[in-house]
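Peer 1: What follows is the residue order along each chain.
Number of protein chains: 2
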Amino acid sequence: MARSTGAGPARRIVVVGGVAGGASAAARARRLDETAEIVLLERGPNVSFANCGIPYYVGGEITDRWRLLVATPERFREWFGVDVRTGHEVVSIDPAARTLRVRHAGGEDVLAWDRLVLAPGAAPVVPRLAGVGSPNVFTVRDLRDADRLKAAVERAGVGHAVIVGAGYIGLEFAEMLRRQGLDVTLVERLPQVLRTLDPELAVRVEEELRRHGVDVRTGTTLEGLEAGTGVVHAVRLSDGEVIDTDLVVLALGVKPETRLAADAGLALGPSGGIVVDEFMRTSAPGVYAVGDAVEYTHAVTGKPTLMPLAGPANRAGRIAGEHAAADAAPSMSPVLGTSIVRVFGIVAGATGLGVEAARRAGFVARALFVPGNHHAGYYPGAEEMWLKVIYDDATRRLLGAQVVGGEGVDKRLDVLATAIRFGARVDDLASLDLAYAPPFGSAKDPLHMVGFIAENERRGLHRIITAEELALLGGDVQILDVRTPLEWAAGTLPGAITMSLAELRGRVGELDAARPVVTVCRGGQRAYYATRILRQLGFADVRTLTGGMLSVDALARAGAGSATSTTNLMEMTR
Amino acid sequence: MARSTGAGPARRIVVVGGVAGGASAAARARRLDETAEIVLLERGPNVSFANCGIPYYVGGEITDRWRLLVATPERFREWFGVDVRTGHEVVSIDPAARTLRVRHAGGEDVLAWDRLVLAPGAAPVVPRLAGVGSPNVFTVRDLRDADRLKAAVERAGVGHAVIVGAGYIGLEFAEMLRRQGLDVTLVERLPQVLRTLDPELAVRVEEELRRHGVDVRTGTTLEGLEAGTGVVHAVRLSDGEVIDTDLVVLALGVKPETRLAADAGLALGPSGGIVVDEFMRTSAPGVYAVGDAVEYTHAVTGKPTLMPLAGPANRAGRIAGEHAAADAAPSMSPVLGTSIVRVFGIVAGATGLGVEAARRAGFVARALFVPGNHHAGYYPGAEEMWLKVIYDDATRRLLGAQVVGGEGVDKRLDVLATAIRFGARVDDLASLDLAYAPPFGSAKDPLHMVGFIAENERRGLHRIITAEELALLGGDVQILDVRTPLEWAAGTLPGAITMSLAELRGRVGELDAARPVVTVCRGGQRAYYATRILRQLGFADVRTLTGGMLSVDALARAGAGSATSTTNLMEMTR
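Protein chains in written order, with the working numbering: chain A, 1 to 574; chain B, 1 to 574.
Keep in mind the hints are simulated off the structure, nothing from the lab.
One or more of the hints may lead you astray.
Since the list gives no way to pick out one identical chain from another, each pair is judged satisfied if it fits inside one copy or across any two copies.
Lysine to any residue pairs mimicking SDA-like chemistry, simulated, CA-CA at most 25 Å apart [as the list claims (entries may be wrong)]:
| # | residue 1 | residue 2 |
| --- | --- | --- |
| 1 | K150 | G44 |
| 2 | K150 | G377 |
| 3 | K255 | R458 |
| 4 | K303 | E469 |
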């Protein structure tokens, strides 16, 4: 494997862009070829930086700015022998001639390359509105943007911010700007925050935002920016309201930066990203691309997909760098898009596909909604969480998962992502060997509960109905609420028959075995017990409401802003 | 699937023992058969209780005793229609007659059964020493033991405790008794605490114990208990020391309680547990066994093994209960034995096999020792952790893992256990799709680093040497320490050649390319970079020290109490 020096003319590998996988590619190329000339061209002042840390830097949670500079030019030169050229912007590429034109403070050069790795990243989406160029309207892509925003936030007299877009970045800024003492209005076009979550989980996040004083406006678009003397002083929303503000942060997501690639004739894919193969090779010989500008293969759908996440970018960078240096590399694995965000005291994350995305991809997608605790209930401080696990009814294969709650959300999400990665069936969750001691989990972890419920259904012990399906269910159905009188006192479903689990065996004659029954409790467990009793007593059509009243409640709360059929749910049995 | 009543004579299912899977079996049996008569015989006063919570109850971290009673007799009667008989001790079983004899306050009965589920659990190991029956010498199996110990700990004037045995339970008691203000001496026969960990990880736990004032005596046995007026007032240790104390807690592990089963002629296995098949059926028709008294199939070795853990006990209980009621059930999955413990500010856990156990099982076991941080270093509060990952060199299959550190140990352990469960190769860790946001992880998680290192080795980019192998390595080796002058100032390996990574390319002529080299840095990353440089410059035999000086240091510290070859390591290059 050793490559001795002088075996041939040294290869020149040029990497364009340090962030989004470029730095990884350069470092990896050096691992494979000590003799290659490796040039890293970066238009910004830094080789690379931790862009995921920007909201926390603006919010003052990260106090040392230098810590965000994870890879310094010095280190790249000294450790890796990489010729780092910051302040160098590539303006065009000629794949046939294997050259590129690069602009810098001293003028413009033509640089030849044997292999080229593009890591252009993605640019913030900016709405076509007058005033977006105002000095107090921010998009945040690099450290200079972060510095500008941080200075604006900390300026005396600044008291209110509008954040447009309630995705991961928008939510992190909402928390961080609140942390800096600002009043925050969060504007989101969709009827919910965090589009990676289904509505009944997203509502938990929205409530957490409100609980911490964020003025959340879902189903609302930004219509205009009111600029006086060049500075925006108010925003105009689609509901007609005009909100005075001191600054605006645009967090509308990103679009792959493909201009250079497209101009050079590189193929772009259906989602607008650069097309690459398993070694991150583009359609042009010798040219690789990595990071937020490329289309990865989705691990569940197998389809090309944009995935602006640091993890895949780093992995892709390693592979491109290796292949560029050695003409061979391991294949890039398909990606699941596991993502997570902390929003004040709550954590929310998702992996793989949601229900709708799974159906669009052709799966017979089903979902379980399961409440659980981080650790054993008898040990103090157990924080509640809600899991939604999506699987294919035909193959039982796990397709995706969403988790919202407190401590331990990240753990469950990572375990689910790992299970999906290895092709697990939903039923397999029942037998996971998870670490249990009182501070860390339960003998029956929420993940086990998901597996138990699924396995029970697969084996015909019960049938699951989701709150959403229940809402759409018409006709003659008996809803049996088996909670306790204390729980009913706080409300039940309209028309529900109340009969606690302890009473059920004695009062089963009050139910009609020939008519369908849906069993309901708080979270789903007692309802399942009731279902089993009824099934064995000859009731032919009994279904268990997955997630119980917690799920109904979440859907109802989510429904306030969305077009779900919650009203049906609440009125169906009247 | 529905079973109507009156289809046949109701089956009587008797469950013996509520803890350790018995309660799960009874509840599950009811799910499958509404008409069965289900009797739960428990010799103690409770159906079941959270025995994993006992140390935290004694230590005052769990204040509500009732919370430990997770399954009350009332609930079992009302919800599950189970005839709970506490204070009932089974004294003999006649499998041929399908009867058992049970003793209770009112006398003795013979009870017939159609199916019998045994959940006898495991009993604390008690040394054969005079004085073990003294009122201030404790073994803790049930809540009454816990109450007695708690009262003793909280008694005025009690200032010192000896804990014998430094397994999970011993360590939990050590922390909890310190929490109650006692001085604690922890006595362990082995040269290290926590035998589930390899020495270089266990040493971190031992240091944490010392840091919190626990007097740790490894390599020491309890030789005698000095009892005055019936009460033990001192212990005599194998090193001759006599330590005055107020109470003694025996935490020497457990042995399967198999007397009833053996007397009834049930087959016992090589490890002394009850032999069961995949449905938890014993060798006697109609008799099942679950929990700490049975032999499970180990997920890695495929061999029968004792595994006194709550998770497998619960799962086995479900399966036995289902099969006892319905004559069919899913198979019990093989178990990995994932376990975890919190010891003051540190967390330690293991899953699958350690290096020695893996070699004994016939694997070509190799290990990677990788330091890492819970989350991105640029975000405040990242706690360090150490991972040791064991894999088979022939198949690359993951065999086991150990993790010690702060926040996030449980997450990495659960992900590793899940990966092992689905047959992952060590290289697969490189492409796990883990959730990354600054508070939760890194774009390159410690688990990814393990995968990267393994993959690099598999592809011939470098060869790994462990600190233990280095210690045993004789002869003519050049140890190259590529850390910085500041780091060398705190010490390096004797005879090491110091040359920072930045200097290496310029000073490589000082090394002999014909002689073997081992590259060393703090954690292994820079050493790998150095290895790559040397390999490409024609050095034929270069190995990277996995875990770097952190690993050497851990082994050296562990060596203080163990018979490892640390001295060799420190002297080999003189």
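Peer 1: Against each hint, give a clear statement of whether it holds in the structure.
Peer 2: Quick rundown of the hints versus the structure:
no., hint, result
1, K150 to G44, "within (19 Å within a copy, 63 Å between copies)"
2, K150 to G377, "between (42 Å within a copy, 21 Å between copies)"
3, K255 to R458, "neither (42 Å within a copy, 37 Å between copies)"
4, K303 to E469, "neither (28 Å within a copy, 46 Å between copies)"
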